[in-house]
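Student: Residue numbers (this note's numbering), protein chains in the order written: chain A, 33 to 322; chain B, 540 to 857; chain C, 112 to 440; chain D, -9 to 262.
None of these hints come from the bench; they were simulated from the model.
Errors might be hidden in some of the hints.
With a straight-line cut-off of 20 Å between C-alpha atoms, the simulated DMTMM-like cross-links for lysine to aspartate or glutamate are [stated by the list, open to error]: (1) K209/A - E1/D; (2) K216/C - D847/B; (3) K103/D - E79/D; (4) K(-1)/D - E228/D; (5) K209/A - D71/D; (6) K216/C - E749/B; (7) K216/C - E632/B; (8) K70/D - E116/D; (9) K70/D - E58/D; (10) K209/A - D93/D; (11) K216/C - E181/C; (12) K123/D - D142/D; (13) K209/A - E277/A; (14) K243/C - D295/C; (15) K216/C - D750/B; (16) K123/D - E229/A; (17) K209/A - E229/A; (18) K225/D - E1/D; (19) K243/C - E311/C; (20) K137/D - E147/D; (21) K225/D - D295/C; (22) K216/C - E183/C; (23) K103/D - E152/A; (24) K82/D - D93/D; (25) K103/D - D142/D.
Interface residues of chain D toward chain C, partial, derived using beta-carbon atoms under 7 Å [unchecked claim]: (26) E42; (27) S149; (28) V210; (29) R212; (30) R259; (31) R260.
Ideal Cβ placement from N, Cα and C applies to all residues, glycine included.
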Amino acid sequence: MSELGRSEPAAVWREYWTRGRGSAAFVFGLGVTALLIAVALVSLVWTPHPIDAIDIPNRMQPPSADHWLGTDLYGRDVLSRLMAGAVNSIAVSLVAVGIGAGLGVPLGALAAARRGLVEEVVMRFNDFTFAFPALLSAVMITAVLGPGAINSIIAIGIFNIPVFARLTRGASLSLWKRDFVLAARVAGKGRTRITVEHILPNIASLLIVQMTIQFALAILAEAGLSYLGLGTQPPAPSWGKMLNEAQTLMSLAPHLAIFPGLAIMVTVLGLNLLGDGLRDLLDPRLRRQR
Amino acid sequence: MALFLLQRLTALVVTLLVASLVVFLVMEVLPGDPAAVMLGINARPDTLAALRQQMGLDLPAAQRYVLWLGGLASGDLGTSYTYGVSVWELVRERLGLSLPLALIAICLSTALAIPLGVLAAARRGRAADAGVMGFTQLGIAIPNFWFAILLILLFGVHWQILPAGGFAGWEAGAWPALKTLILPAVALALPQAAILARVTRSSVLETLGEDFVRTARAKGLTRSAALWRHAVRNALIPVVTIMGLQFSFLLAGTIIIENVFYLPGLGRLVFQAIAQHDLIVVKDLVMLLAAAVVVVNFLVDLAYAVIDPRLRGGRSYE
Amino acid sequence: MTLLSVTDLCVTLDTPDGPAPILQDVSFELAAGQSLGIVGESGCGKSMTALALMGLLPAQARVAGEIEFEGENLLALPEAQLCNIRGRRLAMVFQEPMTALNPVKTIGFQVAEGLRWHLGLSRGAAEARAVKLLARVGLPQPRFSPDLYPHQLSGGQRQRVVIAMALACEPALLIADEPTTALDVTSQAAILDLLAEVTEAAGLALLLITHDLAVVWQNTARMLVMYAGRVVERGATPAVFERMAHPYTRGLFAASPGALEAALPAGRRLATIPGQVPDPRHRPAGCVFAGRCPRVQDDCLPAQPAERALDAAHGVACLHPCLEEEGVP
Amino acid sequence: MSGDDVLLKVENLTLDYALPRRRLFAAPPRHRALDDVSLTLARGESLAVVGESGSGKSTLARTILALEAPTAGRVTLCGKDVFAASPGELRKLRRHAQMVFQDPYGSLDPRRKVGWIVAEPLDALERVGRAEKLARIAEVLGSVGLKESDADRFPHEFSGGQRQRIAIARALITRPDLIVADEAVSALDVSVQAQVLNLFMDLRESLGLSYLFISHDLAVVRQVADRVIVMRDGKIVEEGETEAVFGAPRHPYTRALLAAVPRIGGPRRRAV
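Pulled out of the complex, with its shape left as it was, chain A reads as follows (with noise of 0.2 Å):
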C-alpha cells in the first residue's frame, strides 16, 4: 500500500514536504524563490540606498562595505536597482503567465472536451500564435505603440497562451479516454462538469509545475526584452536594462555586468530547480505505486 495511504489532507501534505526536503534541488529552488520574493517584497519599503539617488562622484565604484555591489554610470547602488529589479521582474513575468495559463487553459480544456471544429480552430490558432515569439510580437507591439513594461507583459502572455493551450489538451485528451470520465458520462454528467471535477484536478500538478517553468522563461524574456530597449523603461529600474548600460562600460566596470547576470541566472535556475523538484513530488506514478 502506498506511504500516502492516510487521507487526511494535513497527512498527505506533511509526507511531500518529508519527501521534498530529501531533494536538494527542490530545497534549493524553494529557497531561491522565497529569498526572491522577500527581496522584492522588502524592497517595496527598504533598500540600502534609495533606488535613483544620482552620486555622480562616486559613479562606477567597485562593491564596498558602503555599496555591497557597487555603483552604476550615475553613482546609484547596484543592490538597491538589483532589489527594486526583482519586483519588476515578478510583476511582468507573474501577469505574462496569467495572461498565458488564464486563457491557455481554458482554451485547451475546451479544445479536448468539444473536440471536432472547436479543437481545430483552437489547434490552428495554436500553430499560429507559435509563429511569433514573444520577441517578435514584442517587435510589432512597440514599433506601434511604443516600449513599456505593458508591451512585455502583452507580448509574453500571448506566447504563452499556446504554451498552456497544448499541454491541457494533450493532458486532458488522455484523461478523456479514461474509463473515470466515461464513467461520470454515465453518472449523466456534462461534459463543462466533467472538465471541473474530473479534468482540471487530475492536471492540476501538471499545470503547477509548468507555470513555475513559464515563470522562468518570462523573466528571461523580460529580461531580454528590456536589454533591447523594448521593455520596461528608464528610470525603472530591470535587470535587462542594467546589463543593457553595463555593455558599453564593459571594459571600465565588469562588475556592473556581473551582477545583473548573476541575478537572472539564480532567478531562473532557481525556478527551474523547483519546477523540477514539484514534477517528481506530485508525479503520480510515484504517489501511487503500491
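Based on these hints, arrange chains B, C and D on the given structure of chain A.
Tutor: Chains B, C and D in isolation, oriented as in the chain A frame:
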C-alpha cells in the same frame, strides 16, 4: 503520403495567410495612421501627405492588404523609408549573415545536445548524468545576451583572441568572417543545446523503458547496441519537435545576439527599423520571420513521416 | 540431458519502502526438448523468473542462487557472454505483441537482426533467412513482405513475427511469457498451435508461463504452480491435475469458470479463495498460503513447509496436502 | 413476452465511424462498427454479448447508454426512446441503467474519495439531502461487501477486486434496473474474478437486477448469462439460450470460437 503532404501544405498556406492578416492589422490598422507614427508628431503636413501617398495609405485597407500580399509573393517588399532602398535588397544583404549564423548555431547545438543527452540517459544516475544535467540547468538559466557579454569580456576583452563584435564580411574571406561569427553562434547555441539535451535524455530514457528495447536485449544485443539501434531513432521524434519549436526561439535569439555583437543581420535590421519608426521594414521583416517559423515547423512535420512509418499511411491489415 | 537447472533462485526488489522478496528459493529443471509450464496469478513471480533466466531483471533487482544453462551458471557469467547466449541459445516471446516490436523498423529487419548479430550473416543472407522464417510462422510472401512495419499487422500476426525472431538462431530453449494473454481466443489457439508445432519440430525446449490452467494443461508435459514467489506444487501435468495436492492449486482450479463443464445450477456459486495475495514486503513467516487456506492448521504457521515428494513425478510444499478422492471444494 | 416485461429494446442499430481519408477526392472510408443489431432484454434477465476484439460489442454497450450516437436505429429503455429523449428525460433514464467497466484501476478518479465516487451518479441525476446521500452510500457499499468507513479512503488504497466492488457500488446507487458490465471481470485474477462474479449473481437475486454482460470470455459468460448473443464484425451471428448455444452451436463462427477455448481435460498438444 501524397495526401499527407497536401494536408500539411494546406495547413501551411492557411497559417501563413492568417499570420499575414494579423501582421497587417496590427501594423497598419491599429496605429490609425502609420505615416504619422513613422514621422512623429512634429511632421510637416506636406511630408506626411507625400509619405501617405508613397505608402498607398489613400487606398482602402482591403486593397492595400491584397497589394502587400501580392508584393510578398512576388518578392517585391516595398521600399524602406529610412534607407531608401528596396526592402528585399536589405533582406538579401542581411540574410548573408543571419542565415549562416543560425545554421552554425543549430549545428552546434544539435552536435552538442544529442550525444550529451544520449550519454546522460545511458549512464542514468551516474556521474556523467549528473554532470550533463548540471550543465543543462545552468545553460537554461543563463540569459543568452548575458552569456554573450561574458564571452566578449573573456575572449574579446580579456584574452583578445576573438573579435568582440562587428562582422568582417564575406568579402574579407571565409575565415575572418567565420571568426566573427564564432562567439555569437556559441552564445546562441548553448541555451538551445541545454534544452535539447534535456529533451533527448528524457526521451531516450522513456524509449529505453519500452518493450521493444527489451525484445532487442532478448535477441542478445548489448545494452549499447540496443540503445543505438533501437532506442535512439524512436527517441528522436520528440527531439525533432523541440528542434522545430526552438527555431522560433533561435530567431528571437538572433535579434538579441546580433545587437550584442553589433552584427548587421536581420535581427539588427528589425531593431533599427523600430528605432527609426520604419514601419514598412518592420512589417515585412516580422512577416518574413513568422513565415520562417511556420515553414520550419512544416518541415518538422515532414521529418516525422521520415522517422515514423506509422504516419506514412499505406496498407494496413487491421 | 538437463538443459536448464535452476537452484534456489531468489530475487529481491529494492523499493522505496524497503526490499521486497519477489522470488524465494525457486528450483526446477528442464531437459532438452521438453516442455514446462509455470502457472500462477499476478504477483506470484512467474514473469520475474523468466526475466531472471534471460538476465534482464530491472536494475533494482538483486539475484541469488544458481541458473545453470547448457553447463554454465548464467548468474556468474559476464554481461558480454550473456549477450552471446541470449537470442542464440535462449530466446523469449513476450506478452504484448503490440509493443514488443520496434514501430520504426521493418519486420524483415527485426527478424534478420539476430542472425546478423549472432551468426554474422550478411544483410542479404540474413534477410533471405528472415523471409523463410516468416513463412515458417505462417506469414508467407508475397502477402507478408519483410518490408512491412509492425503497425500494418494484427496482434496475432505480430506475435508470429516475435516467434520468428525467437526462432531465428535456432535456440535450445524458448521462454514464452503469457504469449497469448493479449490475443483473441481464436488467435490464441492458432499461436499456441504454432508454438507447440515449431518447438516440437525443432526439438526445442519450451518454458511456458501463463495464468491460465487450461493453457498449461494443453501445452506442457510438466508444470510448476507458483504462489507468492514460491513453487508450491510441481509434477507431470496430468498428475498435478489429477490430484491437485496443494490447496492453492485446487482453489485456483475451482475458481476458474472454465473448469466447469456446464453452468452452475441456480443458487450455486463459484468457489473462491478468500482474501488476497500478501504484499511481498509483508509476507507471513510460515506457509505463504496459510492466511487464505481452508486446511490451515497450527503447524503451518511457524515455517514455510519444505517440498516433499508425493510420488516420483509429483511434489508439493504443503504439510496437509489434499487427497485425490477428496474432490474439488 | 408482454410489453411491460421488456426493459431494453434495441432495434436495427447501425453505427458508422469515419476513418481518415486515404485519397483526397474520395469520400472518407467508413467503418461499420454496428450493423443492424437488434435485441431485447426482459426485466430480471441476464444477457451476454460475446465476441472478439473488433466485433462491436463494446460499441453496442456504449451506444445503449447513449455515450455514442448511432447512424440509424433505436434504443428503447423502460419504454422510452433514448435518442429521442430531451436532456432532462435522458437524465431520468440514466437512473435506470448504469455501467461497470473493465479496468478497475482506470475507472475510478484517483483524486476522489470512494464516497464521492460512489455518489457521483446520485449527484448528477437526483436531488437528495446530505443525510440520505450518506445513507445511500453506506447501503451500496454494504451490498458489495465493503465497509461504511471505506467511503473516506482513496481508490489507490484498495486492491483490484475491491476497486471493482467500488465500481459496482457506484452503478447501484441510483437503484437501476439494468447494469451494463463491459468486460467487468476480465482484468481480474481468477480467484478474485470468482468473487466478483458471485457478487453479480448475489445482487441479481437480492435486487432483481437485469444484466447486459459484454465479454470475450465464454467460460465466464456461461456462468452468468441466461441468453447469449454472439457478435462478429458488428453483426449478430447467433443468439439463444446459453446452454443451447454452448451445447449445440449453430453458426460456424460460434463453433470455431468454442473450439478455440482451451479446456482442462481436453486434447493436449505436447506430451514431452
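Student: It remains to establish, for every hint, whether it holds in the given structure.
Tutor: Structure-based check of each hint:
1. A hinted pair counts as satisfied when its Cα atoms are at most 20 Å apart, and K209/A with E1/D does not qualify at roughly 28 Å.
2. With a C-alpha separation of about 9 Å, the suggested pairing of K216/C with D847/B holds against the 20 Å cut-off.
3. Between K103/D and E79/D, the direct Cα distance comes to roughly 29 Å. Violation of the 20 Å bound is thereby established for this hinted pair.
4. With a CA separation close to 17 Å, the supplied pair K(-1)/D and E228/D stays within the 20 Å bound.
5. Our distance criterion of 20 Å between C-alpha atoms is broken by K209/A and D71/D, whose separation comes to about 27 Å.
6. The hinted pair formed by K216/C and E749/B meets the criterion: a straight-line CA distance of about 14 Å does not exceed 20 Å.
7. Our distance criterion of 20 Å between C-alpha atoms is broken by K216/C and E632/B, whose separation comes to about 45 Å.
8. Only pairs whose Cα atoms come within 20 Å are accepted, and K70/D paired with E116/D is accepted, the gap being roughly 19 Å.
9. At roughly 17 Å between alpha-carbon atoms, K70/D and E58/D fall within 20 Å of each other, so this suggested pair holds.
10. Between K209/A and D93/D the alpha-carbon distance is near 12 Å, which keeps this suggested pair within the 20 Å criterion.
11. For the suggested pair K216/C and E181/C, the alpha carbons sit about 33 Å apart, so the restraint of at most 20 Å is broken.
12. At most 20 Å may separate the alpha-carbon atoms for a hinted pair to count; K123/D and D142/D meet this at roughly 14 Å.
13. Between K209/A and E277/A the CA atoms are separated by roughly 54 Å; this puts the pair beyond 20 Å, and the hint is violated.
14. With a CA separation close to 26 Å, the supplied pair K243/C and D295/C exceeds the 20 Å bound.
15. A C-alpha spacing of about 14 Å is found between K216/C and D750/B, which places the hinted pair at or below 20 Å, so the restraint holds.
16. As the CA atoms of K123/D and E229/A are separated by approximately 19 Å, the hinted pair is consistent with the 20 Å bound.
17. For the hint pairing K209/A with E229/A, the CA-to-CA distance comes to about 16 Å; that is within 20 Å, so the pair holds.
18. Taken as a hint, the K225/D and E1/D pair is honoured in the structure, with Cα atoms around 13 Å apart against an allowance of 20 Å.
19. Distance check on the hinted pair: K243/C and E311/C sit about 18 Å apart at the alpha-carbon level, within 20 Å; holds.
20. Only pairs whose Cα atoms come within 20 Å are accepted, and K137/D paired with E147/D is accepted, the gap being roughly 14 Å.
21. Distance check on the hinted pair: K225/D and D295/C sit about 18 Å apart at the alpha-carbon level, within 20 Å; holds.
22. Our distance criterion of 20 Å between C-alpha atoms is broken by K216/C and E183/C, whose separation comes to about 34 Å.
23. Note on K103/D and E152/A: the hinted pairing is violated, with a Cα-Cα distance of about 35 Å set against a maximum of 20 Å.
24. Restraint check for K82/D and D93/D: not satisfied, since their Cα atoms lie roughly 27 Å apart, outside the 20 Å limit.
25. Between K103/D and D142/D the CA atoms are separated by roughly 6 Å; this keeps the pair inside 20 Å, and the hint holds.
26. Here the hint on E42/D is kept, as its CB sits about 4 Å from the closest CB of chain C, short of 7 Å.
27. Evaluation of the S149/D hint against chain C yields a held restraint, the C-beta minimum of about 5 Å falling below 7 Å.
28. Look at V210/D: its Cβ gets to within about 5 Å of chain C, closer than 7 Å, so that hint holds up.
29. The interface hint given for R212/D is met, as the beta carbon of that residue sits about 5 Å from the closest beta carbon of chain C, less than 7 Å.
30. The interface hint given for R259/D holds, since its Cβ lies 4 Å from the closest Cβ of chain C, which is under the 7 Å cut-off.
31. At a threshold of 7 Å, the smallest CB-CB gap from R260/D to chain C is about 5 Å, leaving the interface hint in force.
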